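A.B. asks: With the hints as constraints, model all of the structure from the sequences given.
Residue numbers (my numbering), protein chains in the order written: chain A, 1 to 624; chain B, 1 to 457.
One or more hints might be untrue.
Stated by the list, open to error - Once the Cα atoms are required to be at most 27 Å apart in a straight line, the calculated BS3-like pairs of lysine-lysine come out as:
1. A:Lys291 with B:Lys166
2. A:Lys421 with A:Lys564
3. A:Lys568 with B:Lys435
4. B:Lys353 with A:Lys557
5. A:Lys395 with A:Lys188
6. A:Lys557 with B:Lys396
7. A:Lys116 with A:Lys395
8. B:Lys166 with B:Lys206
9. A:Lys620 with B:Lys140
10. A:Lys557 with B:Lys104
11. B:Lys191 with A:Lys291
12. B:Lys222 with B:Lys353
13. A:Lys421 with B:Lys166
14. A:Lys421 with B:Lys435
15. B:Lys140 with B:Lys344
16. B:Lys140 with A:Lys568
17. A:Lys424 with A:Lys361
18. B:Lys140 with A:Lys564
19. A:Lys557 with A:Lys568
20. B:Lys222 with B:Lys344
21. A:Lys88 with B:Lys191
22. B:Lys198 with B:Lys222
23. B:Lys140 with B:Lys396
24. B:Lys198 with A:Lys564
25. B:Lys166 with A:Lys287
26. A:Lys557 with B:Lys34
27. A:Lys88 with B:Lys166
28. A:Lys86 with B:Lys350
29. B:Lys198 with A:Lys88
None of these hints come from the bench; they were simulated from the model.
Here the structure is a predicted model, which is why all the values come from computation and not from measurement.
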Amino acid sequence: MKLECSTDIVVVGAGHAGCEAALACARLGLKTVMFTVSIDSIALMPCNPNIGGSAKGHLVKEIDALGGEMGKNIDRTFIQSKMLNKSKGPAVHSLRAQADKRDYSGAMRKTLENTKNLTIKQAEVAKILVEDGVLKGVETYSGALYRCRACILCTGTYLKARCIYGDVSNATGPNGLQAANYLTDSLKENGITMYRFKTGTPARIDKRSIDFSRMEEQFGDETIVPFSFTTDPEDVQIDQVSCWLTYTNESTHEIIRKNLDRSPLYSGMIEGTGPRYCPSIEDKVVKFADKDRHQVFIEPEGRYTNEMYIGGMSSSLPEDVQVAMYRTVPGLEQAQIVRNAYAIEYDCIDARQLSPTLEFKKISGLFSAGQFNGSSGYEEAAAQGLAAGINAARKVQGKEPIIFDRSQSYLGVLIDDLVTKENKEPYRMMTSRSEYRLLLRQDNADLRLTPLGHEIGLIPDERYEELLEKKRQIAQEIARVENVRIRPEKDVQAFLERYNSAPLKSGTALAELIRRPELDYETLAPLDKDRPALMRGVAGQVNINIKYEGYIQRQRKQVEQFRKLENKKLPDTLDYMQIHGLRLEARQKLNQYRPASVGQASRISGVSPADISVLLIYLKSNRK
Amino acid sequence: MKTDTIAAISTGMTASGIGIVRLSGEDAFQIADKMYVSKSDKKLSDMPSHTIHYGFIADDEDVIDEVLVMLLRAPRSFTAENTVEINCHGGVYAMKRILELAVKCGARPAEPGEFTKRAFLNGRMDLSQAEAVIDVIQSKNEYALKSSVSQLKGSVLRVIRELREKILYELAFIESALDDPEHISLSEYPKRLDRTAKQMERDLEKLIASSQNGRLMKEGIKTVIVGKPNAGKSSLLNLLLGEERAIVTDIAGTTRDTLEEQIQIHGISLQIIDTAGIRDTEDTIEKIGVDKARAYAKDADLILYVVDSAAALDENDEQIIRMIRGKKVIILLNKTDLETVTTKEAVLAKLKKPIVPVSAKEETGLDLLEQTIKDMFYAGNLSFNDEVYITNMRQKSALEAALESIRKVRESIRCQMPEDFFSIDLTDAYEELGKITGESAGEDLINEIFRRFCIGK
Numbered sequence: 001m002k003l004e005c006s007t008d009i010v011v012v013g014a015g016h017a018g019c020e021a022a023l024a025c026a027r028l029g030l031k032t033v034m035f036t037v038s039i040d041s042i043a044l045m046p047c048n049p050n051i052g053g054s055a056k057g058h059l060v061k062e063i064d065a066l067g068g069e070m071g072k073n074i075d076r077t078f079i080q081s082k083m084l085n086k087s088k089g090p091a092v093h094s095l096r097a098q099a100d101k102r103d104y105s106g107a108m109r110k111t112l113e114n115t116k117n118l119t120i121k122q123a124e125v126a127k128i129l130v131e132d133g134v135l136k137g138v139e140t141y142s143g144a145l146y147r148c149r150a151c152i153l154c155t156g157t158y159l160k161a162r163c164i165y166g167d168v169s170n171a172t173g174p175n176g177l178q179a180a181n182y183l184t185d186s187l188k189e190n191g192i193t194m195y196r197f198k199t200g201t202p203a204r205i206d207k208r209s210i211d212f213s214r215m216e217e218q219f220g221d222e223t224i225v226p227f228s229f230t231t232d233p234e235d236v237q238i239d240q241v242s243c244w245l246t247y248t249n250e251s252t253h254e255i256i257r258k259n260l261d262r263s264p265l266y267s268g269m270i271e272g273t274g275p276r277y278c279p280s281i282e283d284k285v286v287k288f289a290d291k292d293r294h295q296v297f298i299e300p301e302g303r304y305t306n307e308m309y310i311g312g313m314s315s316s317l318p319e320d321v322q323v324a325m326y327r328t329v330p331g332l333e334q335a336q337i338v339r340n341a342y343a344i345e346y347d348c349i350d351a352r353q354l355s356p357t358l359e360f361k362k363i364s365g366l367f368s369a370g371q372f373n374g375s376s377g378y379e380e381a382a383a384q385g386l387a388a389g390i391n392a393a394r395k396v397q398g399k400e401p402i403i404f405d406r407s408q409s410y411l412g413v414l415i416d417d418l419v420t421k422e423n424k425e426p427y428r429m430m431t432s433r434s435e436y437r438l439l440l441r442q443d444n445a446d447l448r449l450t451p452l453g454h455e456i457g458l459i460p461d462e463r464y465e466e467l468l469e470k471k472r473q474i475a476q477e478i479a480r481v482e483n484v485r486i487r488p489e490k491d492v493q494a495f496l497e498r499y500n501s502a503p504l505k506s507g508t509a510l511a512e513l514i515r516r517p518e519l520d521y522e523t524l525a526p527l528d529k530d531r532p533a534l535m536r537g538v539a540g541q542v543n544i545n546i547k548y549e550g551y552i553q554r555q556r557k558q559v560e561q562f563r564k565l566e567n568k569k570l571p572d573t574l575d576y577m578q579i580h581g582l583r584l585e586a587r588q589k590l591n592q593y594r595p596a597s598v599g600q601a602s603r604i605s606g607v608s609p610a611d612i613s614v615l616l617i618y619l620k621s622n623r624k
Numbered sequence: 001m002k003t004d005t006i007a008a009i010s011t012g013m014t015a016s017g018i019g020i021v022r023l024s025g026e027d028a029f030q031i032a033d034k035m036y037v038s039k040s041d042k043k044l045s046d047m048p049s050h051t052i053h054y055g056f057i058a059d060d061e062d063v064i065d066e067v068l069v070m071l072l073r074a075p076r077s078f079t080a081e082n083t084v085e086i087n088c089h090g091g092v093y094a095m096k097r098i099l100e101l102a103v104k105c106g107a108r109p110a111e112p113g114e115f116t117k118r119a120f121l122n123g124r125m126d127l128s129q130a131e132a133v134i135d136v137i138q139s140k141n142e143y144a145l146k147s148s149v150s151q152l153k154g155s156v157l158r159v160i161r162e163l164r165e166k167i168l169y170e171l172a173f174i175e176s177a178l179d180d181p182e183h184i185s186l187s188e189y190p191k192r193l194d195r196t197a198k199q200m201e202r203d204l205e206k207l208i209a210s211s212q213n214g215r216l217m218k219e220g221i222k223t224v225i226v227g228k229p230n231a232g233k234s235s236l237l238n239l240l241l242g243e244e245r246a247i248v249t250d251i252a253g254t255t256r257d258t259l260e261e262q263i264q265i266h267g268i269s270l271q272i273i274d275t276a277g278i279r280d281t282e283d284t285i286e287k288i289g290v291d292k293a294r295a296y297a298k299d300a301d302l303i304l305y306v307v308d309s310a311a312a313l314d315e316n317d318e319q320i321i322r323m324i325r326g327k328k329v330i331i332l333l334n335k336t337d338l339e340t341v342t343t344k345e346a347v348l349a350k351l352k353k354p355i356v357p358v359s360a361k362e363e364t365g366l367d368l369l370e371q372t373i374k375d376m377f378y379a380g381n382l383s384f385n386d387e388v389y390i391t392n393m394r395q396k397s398a399l400e401a402a403l404e405s406i407r408k409v410r411e412s413i414r415c416q417m418p419e420d421f422f423s424i425d426l427t428d429a430y431e432e433l434g435k436i437t438g439e440s441a442g443e444d445l446i447n448e449i450f451r452r453f454c455i456g457k
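C.D. replies: Here's what the structure looks like:
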């Protein structure tokens with residue numbers, strides 16, 4: 001007799017996607033079983049030791065605003081924090097924190113273990129069980145059957161994983177962990193199209209063998225901003241650990257060029273498609289031959305380990321070449337490698353098989369998230385995990401799905417890109433992927449998404465009430481500064497002169513002064529005698545909304561246009577082959593990918609504006 | 001639902017009778033008010049629906065035409081939107097100017113089939129007409145797609161493509177720096193971008209200025225010169241293009257081996273295409289030319305058939321006559337300075353079309369040819385497809401929008417806005433220019449970032 005159990009939801013994988021998915025489901029009241037091949041690899045960070053960064057930081061803030069865990073977890077375990085792009089516009093400010101990897105993993109495990117409704121199980125899921133297009137359960141390698149009403153696949157880089165450097169190829173997942181070798185076949189049997197992607201990681205080097213005097217020290221911010229809107233900034237002003245900056249040089253490049261024939265990338269041993277944004281050092285040297293140096297960023301892997309991550313030098317060159325290559329870099333002359341750099345290949349899917357809820361269009365109840373969907377990065381994975389978790393839970397509870405759209409969040413952009421566009425390499429979030437980035441800032445993620453998080457049930461009433469109060473204060477304060485008149489009095493003119501700002505000719509609204517590039521809301525405090533005490537975060541919002549009002553208004557108008565097509569839903573049952581007037585290419589693409597809305601259809605390559613007109617007319621004529 | 005206001009010429013581009021320029025959308029009345037003047041100084045937006053008003057269309061002080069304006073308030077119009085129909089009688093030129101003025105005052109040139117589409121989506125047509133509506137949109141679109149790039153002169157297309165490439169490069173640079181701020185620095189960049197943007201501004205201004213002189217697009221009546229070899233076609237073309245005439249430009253960079261020129265005759269634009277002499281030939285290269293000449297003749301709005309009066313009508317002439325019998329033709333009886341072999345009557349017996357005796361050598365007969373073309377046009381016997389014109393309007397307004405965006409980039413630089421704000425307007429400019437070349441942005445930016453700049457962990 002084999003073991004048979006039943007639960008509401010099964011989550012396959014305990015990486016960043018799996019953790020968010022499982023937590024969301026359990027917190028929404030569903031019995032959830034989370035499978036992992038190794039309990040010790042929960043929320044593992046097998047590549048870089050940081051969370052956030054450009055655009056990724058936005059995702060973490062959004063996860064937090066919706067009631068996810070990543071932001072809180074990094075606030076508990078970071079060892080250095082930096083707001084990137086501070087000199088640029090608020091839309092591209094991005095928070096990045098160095099994590100203590102072991103603490104990060106441990107803290108997340110503690111949260112999972114203490115969440116009601118959630119069971120963690122160490123076992124490899126080998127099969128999905130589907131009847132008549134409906135998911136019924138999963139089966140482990142040992143044959144145990146888990147019946148469930150929804151399943152979320154978050155297998156990361158583990159499916160048929162292979163780690164490669166030089167002529168060495170190990171059939172393991174990241175960090176030498178056991179790969180999952182059976183699930184792919186079961187997915188294929190159920191008609192799922194698989195891709196093979198590749199990514200890589202640099203070597204880790206023993207800190208004691210590094211000469212930091214030859215590198216530039218990179219400090220964290222003086223005042224630390226937390227990721228989570230619920231974290232009190234005072235609680236995160238910690239002693240920080242530094243990162244270090246150094247560069248490759250011509251001798252590094254020479255060694256790489258000489259040994260290219262021994263690289264599995266160029267010898268054809270690696271078949272997967274690698275990401276362009278995270279090229280291996282050998283790729284950089286070949287593709288940007290005119291650059292005489294590349295940046296190398298040395299990051300600590302934790303507070304209590306000597307391992308240092310060599311950012312910018314991921315590689316799959318043979319071991320001996322790696323040693324020689326790293327040792328050409330100033331400060332790394334005596335480097336002792338703890339773990340070799342390697343490339344990893346793994347199975348993932350063409351995410352166009354998913355609807356915007358991250359459910360498979362053809363298998364009801366089967367959801368997926370993370371690197372399995374062709375993305376890359378911890379943050380991208382976690383964001384999808386949360387979205388898939390929410391939708392799986394709602395499906396089981398018989399509630400309407402939640403579709404995150406492009407005008408509302410980076411999470412929406414991420415999911416829409418994955419399920420709509422052809423994706424030939426691991427997908428990474430970038431601020432340039434968002435059309436409305438001035439509206440989708442990291443500082444206003446709570447204003448954008450916390451009401452939704454509350455509606456979903458992941459945000460407690462108290463936090464929601466607080467947000468409403470914040471909104472109220474922002475509106476009130478904006479109205480107030482528009483009405484406060486500053487007169488051209490002596491002290492005012494002197495103040496302006498100090499800031500190299502033109503003197504006033506007549507009474508001027510405070511808001512007008514805030515709009516001057518050399519001034520802002522904070523700086524003007526001395527002129528603003530009746531400024532009220534405000535909640536945390538209000539002043540920043542007031543400043544941005546006044547300073548960039550014109551641009552913000554323009555993007556709001558564009559969003560209105562966007563929503564019109566987005567709100568026109570396309571029925572699942574539509575047979576595009578039968579729609580008169582669509583061009584053949586459009587018919588085929590639409591039939592194959594079955595977009596959820598006219599808006600999504602308009603973003604499929606091969607569907608023209610004229611085809612969209614045809615769809616609109618068709619919808620109208622069939623709405624009896 | 002709020003809609004923008006669209007404009008188009010809703011009658012054909014012929015010179016016959018009255019032409020109508022139509023505006024439809026939320027602000028149709030306000031836009032019309034900016035263009036309309038009447039003796040009593042009334043405002044159209046104050047007038048009741050379904051009324052007709054006499055007055056003038058004027059661009060500031062400059063009166064374009066005497067008009068009757070019909071007002072139809074939503075939903076009681078074809079599109080169920082506020083609609084203004086301007087009935088003018090100044091012919092093609094006036095209609096063009098009125099449409100341009102409407103766009104200047106805030107309307108947008110209509111997309112192919114857009115009036116019909118709006119009528120349908122606003123419930124003004126029977127649902128059973130959906131298929132017919134779709135057909136209209138698809139066929140007009142197909143035409144517009146074909147014509148939008150092919151109507152552009154090669155040199156113009158090249159300039160626009162280069163501009164797009166430059167914009168994309170700047171966008172990719174800014175975005176790379178934002179994505180990888182510790183690696184790519186933007187210090188001093190605004191100054192550099194301002195210089196580039198200033199040059200772009202100049203290029204765009206030049207393009208727009210030439211569009212005002214009709215130098216941007218190949219528009220006008222497609223006129224093809226045919227005749228057997230040595231009938232004197234080329235010398236006739238030279239005559240038509242004589243220095244004192246309103247020659248416009250040659251078309252550099254086209255791969256066609258046929259010669260295309262544009263001329264104006266009494267305010268009527270002619271796009272003149274000279275072709276290879278038509279005859280039966282065994283020579284492969286010549287045969288290609290001959291086949292091409294036939295294809296052009298088939299497509300022509302007007303054919304100038306050159307007959308050599310100093311030689312007898314032969315097999316080749318017979319063949320040409322059969323080919324052009326059903327078309328609009330003016331016969332040019334050339335070489336009247338020589339001894340006549342073929343008479344006017346002899347030609348007319350075979351092909352009953354207007355005939356003009358000319359001598360390319362002595363430069364005679366040109367006045368009569370021009371008069372004949374003018375008469376045919378104003379009698380409504382000659383016209384060209386209005387889609388070409390509206391396509392050109394769309395292209396021009398896309399150029400203007402692109403220019404506006406580039407100006408905003410410079411404004412942002414002047415106001416010391418952070419660099420990420422530059423990319424908002426650069427992106428708009430890029431997309432506007434893409435509308436002209438028929439290229440959508442898609443993944444261009446992401447590809448450019450990775451191609452040009454080495455970013456990533």
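A.B. asks: Compare the structure with each hint and give your call.
C.D. replies: Verification of the supplied hints:
1. Distance check on the hinted pair: lysine 291 of chain A and lysine 166 of chain B sit about 22 Å apart at the alpha-carbon level, within 27 Å; holds.
2. Our distance criterion of 27 Å between C-alpha atoms is met by lysine 421 of chain A and lysine 564 of chain A, whose separation comes to about 21 Å.
3. Note on lysine 568 of chain A and lysine 435 of chain B: the hinted pairing holds, with a Cα-Cα distance of about 24 Å set against a maximum of 27 Å.
4. At most 27 Å may separate the alpha-carbon atoms for a hinted pair to count; lysine 353 of chain B and lysine 557 of chain A exceed this at roughly 58 Å.
5. For the suggested pair lysine 395 of chain A and lysine 188 of chain A, the alpha carbons sit about 24 Å apart, so the restraint of at most 27 Å is met.
6. With a CA separation close to 24 Å, the supplied pair lysine 557 of chain A and lysine 396 of chain B stays within the 27 Å bound.
7. Only pairs whose Cα atoms come within 27 Å are accepted, and lysine 116 of chain A paired with lysine 395 of chain A is accepted, the gap being roughly 20 Å.
8. Taken as a hint, the lysine 166 of chain B and lysine 206 of chain B pair is honoured in the structure, with Cα atoms around 17 Å apart against an allowance of 27 Å.
9. Our distance criterion of 27 Å between C-alpha atoms is met by lysine 620 of chain A and lysine 140 of chain B, whose separation comes to about 20 Å.
10. Between lysine 557 of chain A and lysine 104 of chain B the alpha-carbon distance is near 21 Å, which keeps this suggested pair within the 27 Å criterion.
11. This hinted pair checks out: lysine 191 of chain B and lysine 291 of chain A have alpha carbons roughly 24 Å apart, not beyond 27 Å.
12. Between lysine 222 of chain B and lysine 353 of chain B the CA atoms are separated by roughly 18 Å; this keeps the pair inside 27 Å, and the hint holds.
13. The suggested pairing of lysine 421 of chain A with lysine 166 of chain B holds, with an alpha-carbon distance near 26 Å, which does not exceed 27 Å.
14. Between the alpha carbons of lysine 421 of chain A and lysine 435 of chain B the distance comes to roughly 21 Å, so the proposed pair stays at or under 27 Å and holds.
15. For a cut-off of 27 Å, the pair hint linking lysine 140 of chain B to lysine 344 of chain B is broken: about 42 Å separates their Cα positions.
16. Between lysine 140 of chain B and lysine 568 of chain A the alpha-carbon distance is near 25 Å, which keeps this suggested pair within the 27 Å criterion.
17. Of the pairs offered as hints, the one joining lysine 424 of chain A and lysine 361 of chain A holds, with about 20 Å between alpha carbons and a cut-off of 27 Å not exceeded.
18. This hinted pair checks out: lysine 140 of chain B and lysine 564 of chain A have alpha carbons roughly 24 Å apart, not beyond 27 Å.
19. The suggested pairing of lysine 557 of chain A with lysine 568 of chain A holds, with an alpha-carbon distance near 18 Å, which does not exceed 27 Å.
20. With a C-alpha separation of about 26 Å, the suggested pairing of lysine 222 of chain B with lysine 344 of chain B holds against the 27 Å cut-off.
21. Among the hinted pairs, lysine 88 of chain A with lysine 191 of chain B is consistent with the structure: their alpha-carbon atoms are about 16 Å apart, no more than 27 Å.
22. At roughly 37 Å between alpha-carbon atoms, lysine 198 of chain B and lysine 222 of chain B are farther apart than 27 Å, so this suggested pair is violated.
23. For the hint linking lysine 140 of chain B to lysine 396 of chain B, the alpha-carbon distance of about 19 Å falls within 27 Å, and the restraint holds.
24. The straight-line distance between the Cα atoms of lysine 198 of chain B and lysine 564 of chain A is roughly 36 Å, outside the 27 Å bound, and the hint therefore fails.
25. For a cut-off of 27 Å, the pair hint linking lysine 166 of chain B to lysine 287 of chain A stands: about 21 Å separates their Cα positions.
26. At most 27 Å may separate the alpha-carbon atoms for a hinted pair to count; lysine 557 of chain A and lysine 34 of chain B meet this at roughly 24 Å.
27. Taking the CA atoms of lysine 88 of chain A and lysine 166 of chain B, the gap is near 23 Å; set against the 27 Å cutoff, the hint holds.
28. Straight-line distance between C-alpha atoms of lysine 86 of chain A and lysine 350 of chain B comes to about 83 Å, which puts the hinted pair past the 27 Å bound.
29. The hinted pair formed by lysine 198 of chain B and lysine 88 of chain A meets the criterion: a straight-line CA distance of about 23 Å does not exceed 27 Å.
Hint violations for this structure: numbers 4, 15, 22, 24 and 28, all remaining hints satisfied.
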